[in-house]
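Trainee: Given the sequences, and given the hints that come with them, work out the whole structure.
Number of protein chains: 2
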Amino acid sequence: MMEHPKTELRQDPVSGEWVLLSTVRARRPNQFARSKKEKSPPRAACPFEDPQKSGNGSPLLWFVHPQKRKKGDVVVLRDWFLQVIRNKYPALSHHYKTCPTLIRDGVGAYMQGVGFHEVVVTSPHSRSIAHMSVEEVELIIRAYQERIHDLSAEKCLEYVLVFHNHGREAGASIYHPHSQLIALPIVPADVHVSIQGSRRYYHRKRRCVHCDIIRWERRKKERVLYKNKSFILLAPHVSKAAFEMRIYPLKHQSRFESIATKDRPLLADVLIAALRSIYRGLNDIAYNYFIHTTPFGRGHFDHYHWHLEILPKTATFGGVELGTGLEIVTVSPEDAAQYLRRFVSK
Amino acid sequence: MMEHPKTELRQDPVSGEWVLLSTVRARRPNQFARSKKEKSPPRAACPFEDPQKSGNGSPLLWFVHPQKRKKGDVVVLRDWFLQVIRNKYPALSHHYKTCPTLIRDGVGAYMQGVGFHEVVVTSPHSRSIAHMSVEEVELIIRAYQERIHDLSAEKCLEYVLVFHNHGREAGASIYHPHSQLIALPIVPADVHVSIQGSRRYYHRKRRCVHCDIIRWERRKKERVLYKNKSFILLAPHVSKAAFEMRIYPLKHQSRFESIATKDRPLLADVLIAALRSIYRGLNDIAYNYFIHTTPFGRGHFDHYHWHLEILPKTATFGGVELGTGLEIVTVSPEDAAQYLRRFVSK
Numbered sequence: 001m002m003e004h005p006k007t008e009l010r011q012d013p014v015s016g017e018w019v020l021l022s023t024v025r026a027r028r029p030n031q032f033a034r035s036k037k038e039k040s041p042p043r044a045a046c047p048f049e050d051p052q053k054s055g056n057g058s059p060l061l062w063f064v065h066p067q068k069r070k071k072g073d074v075v076v077l078r079d080w081f082l083q084v085i086r087n088k089y090p091a092l093s094h095h096y097k098t099c100p101t102l103i104r105d106g107v108g109a110y111m112q113g114v115g116f117h118e119v120v121v122t123s124p125h126s127r128s129i130a131h132m133s134v135e136e137v138e139l140i141i142r143a144y145q146e147r148i149h150d151l152s153a154e155k156c157l158e159y160v161l162v163f164h165n166h167g168r169e170a171g172a173s174i175y176h177p178h179s180q181l182i183a184l185p186i187v188p189a190d191v192h193v194s195i196q197g198s199r200r201y202y203h204r205k206r207r208c209v210h211c212d213i214i215r216w217e218r219r220k221k222e223r224v225l226y227k228n229k230s231f232i233l234l235a236p237h238v239s240k241a242a243f244e245m246r247i248y249p250l251k252h253q254s255r256f257e258s259i260a261t262k263d264r265p266l267l268a269d270v271l272i273a274a275l276r277s278i279y280r281g282l283n284d285i286a287y288n289y290f291i292h293t294t295p296f297g298r299g300h301f302d303h304y305h306w307h308l309e310i311l312p313k314t315a316t317f318g319g320v321e322l323g324t325g326l327e328i329v330t331v332s333p334e335d336a337a338q339y340l341r342r343f344v345s346k
Numbered sequence: 347m348m349e350h351p352k353t354e355l356r357q358d359p360v361s362g363e364w365v366l367l368s369t370v371r372a373r374r375p376n377q378f379a380r381s382k383k384e385k386s387p388p389r390a391a392c393p394f395e396d397p398q399k400s401g402n403g404s405p406l407l408w409f410v411h412p413q414k415r416k417k418g419d420v421v422v423l424r425d426w427f428l429q430v431i432r433n434k435y436p437a438l439s440h441h442y443k444t445c446p447t448l449i450r451d452g453v454g455a456y457m458q459g460v461g462f463h464e465v466v467v468t469s470p471h472s473r474s475i476a477h478m479s480v481e482e483v484e485l486i487i488r489a490y491q492e493r494i495h496d497l498s499a500e501k502c503l504e505y506v507l508v509f510h511n512h513g514r515e516a517g518a519s520i521y522h523p524h525s526q527l528i529a530l531p532i533v534p535a536d537v538h539v540s541i542q543g544s545r546r547y548y549h550r551k552r553r554c555v556h557c558d559i560i561r562w563e564r565r566k567k568e569r570v571l572y573k574n575k576s577f578i579l580l581a582p583h584v585s586k587a588a589f590e591m592r593i594y595p596l597k598h599q600s601r602f603e604s605i606a607t608k609d610r611p612l613l614a615d616v617l618i619a620a621l622r623s624i625y626r627g628l629n630d631i632a633y634n635y636f637i638h639t640t641p642f643g644r645g646h647f648d649h650y651h652w653h654l655e656i657l658p659k660t661a662t663f664g665g666v667e668l669g670t671g672l673e674i675v676t677v678s679p680e681d682a683a684q685y686l687r688r689f690v691s692k
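Chains as they are written, first to last, in the numbering used here: chain S, 1 to 346; chain R, 347 to 692.
Among the clues, some could well be false.
[Said to hold, decoys possible] Pair by pair, the computed Cβ-Cβ distance ranges are:
1. R:492 <-> S:105: 35 to 45 Å
2. R:549 <-> S:104: 11 to 21 Å
3. R:470 <-> S:5: 31 to 41 Å
4. S:105 <-> R:549: 21 to 31 Å
5. S:66 <-> R:562: 49 to 59 Å
6. R:434 <-> S:212: 34 to 44 Å
7. R:568 <-> S:69: 53 to 63 Å
[To be verified] Reference listing, derived: stretches of chain S covered by chain R, where coverage requires no fewer than 3 residues with Cβ under 8 Å from a Cβ of chain R:
8. 8 to 20
9. 160 to 174
10. 272 to 282
No lab work stands behind these hints, which were simulated from the structure alone. Even glycine gets a Cβ: it sits at the ideal position worked out from N, Cα and C.
Mentor: The following block contains the structure:
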């Protein structure tokens, strides 16, 4: 792989933004790895080992382990497999009664940062999603859905981002596997650009841009890593990072929280496949994943197609990325798909 | 400082984008430092110690050290203080005769990544800009100007980004101090958004948004770190990173390359002041700086006001930043300015 160095600018059909594919300095895949392999810190010091003992409030939602849940059993929190708690150090303040108003002062504009910041913790201490069973990951997905649904009923909020940081280099300050939800009173820039681009495309073609991307990728095949009955895993033509992957529902669906119960195990299956390929193929390199879904607010969002983006931490952002938003990708998505494909299967 | 935790969303008057100021997890300034203090690698192994010996071509531009340049002296490359060379591993390909055309394939759109990638190397090996003299930094600025000017005459190009990565954590793969220029056949997203925002403001108010920002900040004073006759250094109200700084020319000026010779030492003075405050106040933490200036192409850009942005590497991007473009800043620009101000002076 990577025998023909390539220098190519690719334009995202949704956002209109460019990425620069430049493989001249590409490393071989086995050169990617967590630079300092993080050791699992002792359980005793972990704030998520027993969240309530560590001073967190009662869970907003919790599930016992699928294997511990037998019919007729009394479920007790002690047997939790997953719990959603409020972040003890929330980036947003949930102490608000009225919606914040934009205050202007000269050219400055600001408002109170109201919203919610929650953590989805799973047990045990050091098993990441790549090693979980379909039943376990199904519960994670269900927790995301239920919390998005609940938060959408809170006043003043416009968007909720679900995200997962794996590894210190991807911003995970706590080792114990966890995802986060951050519910905001604004639609953030990247989501706005993605929604607007999708809307523009829809108005022009009367088709969903993401459906067109899926159709095109299925025909081309070279960037598809995995597929089951309801979901597809691919390396996007316009990848923003080496080995980026994206999960789409095959059938058009605007809201992540609308996933049918019968589709949950299928999404779990494809998410595990993706994260397993990073674990095996890229030496457990750090990564982030996040979900782009429809904002809460009124407005027509039916054109939007939710998706889950996975970004392995393969590079350090430098002046180019920070100064332009243009990202330099050193491995082509075609090579990435070819390489990772063999690590996807069980 | 940092006694009152704050949670505030601030909207950029130029781009319309939001940052989230959330000081609840702020660290004290003395907790910021390069996580693993990089040691200066041996000179013998450094590819920039003698660029030509390391296989680089003749410099595109070079200056001898100001102190070595006496009137009447013959200048020889051996005495170089600064040289601009082509990047040996360029992210863009300068082998092109005709301008690239956008190729469409389904929903995909791409073109050849043509352009130039240059490196501005200074000597000696381990003296960063924070420790240079005004005369030395003047030459760096002059090199930026001359190269931007020259590259603007190349065909097919639309933008040149000047940037500087200091420290491995900021993406500097080579220790030896150097800046880079990357000349592109497109206007990248962040620059486009900045230009468009500035234009919209101008059409509405018939004033430059950056001039208004400067006027406002000079009145407020709390975010101003330093000022000389021609330039101002401030911590922007909408900072994207803790301890972000920005340099503006006080008088409206669209193009960086138009800086008058007499203003060059003044810009050098303020740039040194800024980087010295990082060196002293933040334990030589890694940083990036870059210049936002006017694109090459035709069109009216007189409304634009060039500026130089300095982003200390105080945080790791996680899922929030990657998934939303919304950045979480843990130190308010007001606190940052108050703290760094004392490290600015000589």
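Trainee: Take the hints in turn and mark each one as holding or not.
Mentor: Hints and how they fare:
1. At about 41 Å, the CB distance of residue 492 of chain R to residue 105 of chain S agrees with the hint of 35 to 45 Å.
2. The hinted window of 11 to 21 Å between residue 549 of chain R and residue 104 of chain S holds, with their beta carbons roughly 19 Å apart.
3. Here the CB-CB span from residue 470 of chain R to residue 5 of chain S is close to 33 Å, well matched to the stated 31 to 41 Å.
4. At roughly 23 Å, the beta-carbon separation of residue 105 of chain S and residue 549 of chain R lies within the given 21 to 31 Å, and the hint holds.
5. Separation of residue 66 of chain S from residue 562 of chain R is about 57 Å and conforms to the stated range, judged on CB atoms against 49 to 59 Å.
6. With their beta carbons about 40 Å apart, residue 434 of chain R and residue 212 of chain S fall inside the hinted range of 34 to 44 Å.
7. Taken as a hint, the range 53 to 63 Å holds for the pair residue 568 of chain R and residue 69 of chain S, whose Cβ atoms sit roughly 57 Å apart.
8. Look at the segment 8 to 20 of chain S against chain R: 10 of its residues bring a Cβ nearer than 8 Å to a Cβ of that chain, three or more, so the hint holds.
9. Residues of the segment 160 to 174 of chain S lying with their CB closer than 8 Å to a CB of chain R number 9, which satisfies the three-residue condition for coverage.
10. Coverage of the segment 272 to 282 of chain S by chain R is violated in this model, with 0 residues showing a Cβ closer than 8 Å to a Cβ of that chain against a need of three.
Consistency note: the structure conflicts with earlier hint 10 alone.
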